[in-house]
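Since chain A is already given, all that's left is putting chain B on it; use the hints.
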Amino acid sequence: GNSVTQMEGPVTLSEEAFLTINCTYTATGYPSLFWYVQYPGEGLQLLLKATKADDKGSNKGFEATYRKETTSFHLEKGSVQVSDSAVYFCARPHGSSNTGKLIFGQGTTLQVKP
Amino acid sequence: NAGVTQTPKFQVLKTGQSMTLQCAQDMNHEYMSWYRQDPGMGLRLIHYSVGAGITDQGEVPNGYNVSRSTTEDFPLRLLSAAPSQTSVYFCASRPTLGGSGGYTFGSGTRLTVV
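Protein sequence lines, in the order shown, are assigned to chains A and B.
Mapping the first sequence onto the working numbering, position 62 (from 1) lands on 62, and the numbers just tick up by one.
For the working numbering, add 114 to where a residue sits in the second sequence, where the first one is 1.
Certain hints may be false.
To be verified - Ranges between beta-carbon positions, derived for each pair: (1) A:Glu16 to B:Thr184: 45 to 51 angstroms; (2) B:Gly165 to A:Ser79: 26 to 32 angstroms; (3) A:Ala17 to B:Ser198: 36 to 42 angstroms; (4) A:Lys60 to B:Pro209: 19 to 25 angstroms; (5) B:Asn142 to A:Thr28: 29 to 35 angstroms; (6) B:Ser198 to A:Lys60: 32 to 38 angstroms; (7) B:Ser181 to A:Gly61: 38 to 44 angstroms; (8) A:Glu76 to B:Gly156: 34 to 40 angstroms; (9) B:Asp170 to A:Glu16: 44 to 50 angstroms; (10) B:Ser194 to A:Gly29: 38 to 44 angstroms; (11) A:Thr12 to B:Asn176: 26 to 32 angstroms; (12) A:Thr12 to B:Arg191: 39 to 45 angstroms; (13) B:Asn176 to A:Pro114: 43 to 49 angstroms.
It is worth saying that the hints were derived from the structure and are not from the lab.
Only a predicted model underlies this, so the values are computations on that prediction, with no experimental measurement involved.
From the three backbone atoms N, C-alpha and C, an ideal C-beta is built for every residue, glycine too.
Only chain A is shown next, with the shape it has when bound in the complex (with noise of 0.2 angstroms):
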């Protein structure tokens, strides 16, 4: 089937501590995936993408690579800011479907603390 799972959250850090947040995906071939970012009371913004096994799509400070082997696209920033608290959002287009319509994970809320 065509899914995105995310990491459960929410997730709590110091200011300059290491995130990581897990993205798996199941597909049948390649597609793109992405990172959406919602601040409270906004819309979702487009953080970084990658289109092909890989790939490592980068924005912001924060990193994420195509790994076809474990079938994860990992967000990563090596010191997150009070600014980074947000929601997260790991998606890929449906594939199979032929309607555009992305796939999102579940959404990981991170709340970072001075």
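Quick look at chain B alone, frame taken from chain A:
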């Protein structure tokens, strides 16, 4: 660069009223879509369009109509609002239906039906 613009940001309707949620993009994207975001349900696709003059249903289309008379605009109409339509609505666009391009989301419309 405006991206995807949604109006209004907030709306309160009485049961049975109708209204139109506006969505406009200035990126010449062919593909546009509407999602609703509900706690515990994630984001669900309502309707989508692969180009001007072409629309189709997503997974939760009942109670909503759409049209796509221009590439830029993709309004969502609530025909007779019901409390079950209380939600946050997001418009999203993408260069084309397929391919590796990312999806750009609007900032959302928070709708309450009383």
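Outcome of the hint check:
One distance hint, 45 to 51 angstroms for the beta-carbon pair Glu16 of chain A and Thr184 of chain B, holds here, with the actual separation near 48 angstroms. Restraint check, Gly165 of chain B to Ser79 of chain A: a C-beta distance of roughly 44 angstroms breaks the suggested window 26 to 32 angstroms. Ala17 of chain A and Ser198 of chain B have their C-beta atoms about 41 angstroms apart, which keeps the hinted 36 to 42 angstroms range intact. Judged by the Cβ atoms, the range 19 to 25 angstroms given for Lys60 of chain A and Pro209 of chain B holds: they are separated by roughly 23 angstroms.
The beta-carbon spacing between Asn142 of chain B and Thr28 of chain A, approximately 31 angstroms, falls within the hinted interval of 29 to 35 angstroms. Distance hint check for Ser198 of chain B and Lys60 of chain A: the Cβ-Cβ separation is about 37 angstroms, which falls inside the suggested range of 32 to 38 angstroms. With their beta carbons about 41 angstroms apart, Ser181 of chain B and Gly61 of chain A fall inside the hinted range of 38 to 44 angstroms. Separation of Glu76 of chain A from Gly156 of chain B is about 23 angstroms and departs from the stated range, judged on CB atoms against 34 to 40 angstroms.
The hinted range of 44 to 50 angstroms is satisfied by Asp170 of chain B and Glu16 of chain A, whose Cβ atoms lie roughly 47 angstroms apart. A hinted range of 38 to 44 angstroms for the beta carbons of Ser194 of chain B and Gly29 of chain A is consistent with their spacing of about 42 angstroms. The hinted window of 26 to 32 angstroms between Thr12 of chain A and Asn176 of chain B is violated, with their beta carbons roughly 39 angstroms apart. Separation of Thr12 of chain A from Arg191 of chain B is about 41 angstroms and conforms to the stated range, judged on CB atoms against 39 to 45 angstroms.
In this structure the supplied range 43 to 49 angstroms holds for Asn176 of chain B paired with Pro114 of chain A, their Cβ-Cβ distance being about 46 angstroms.
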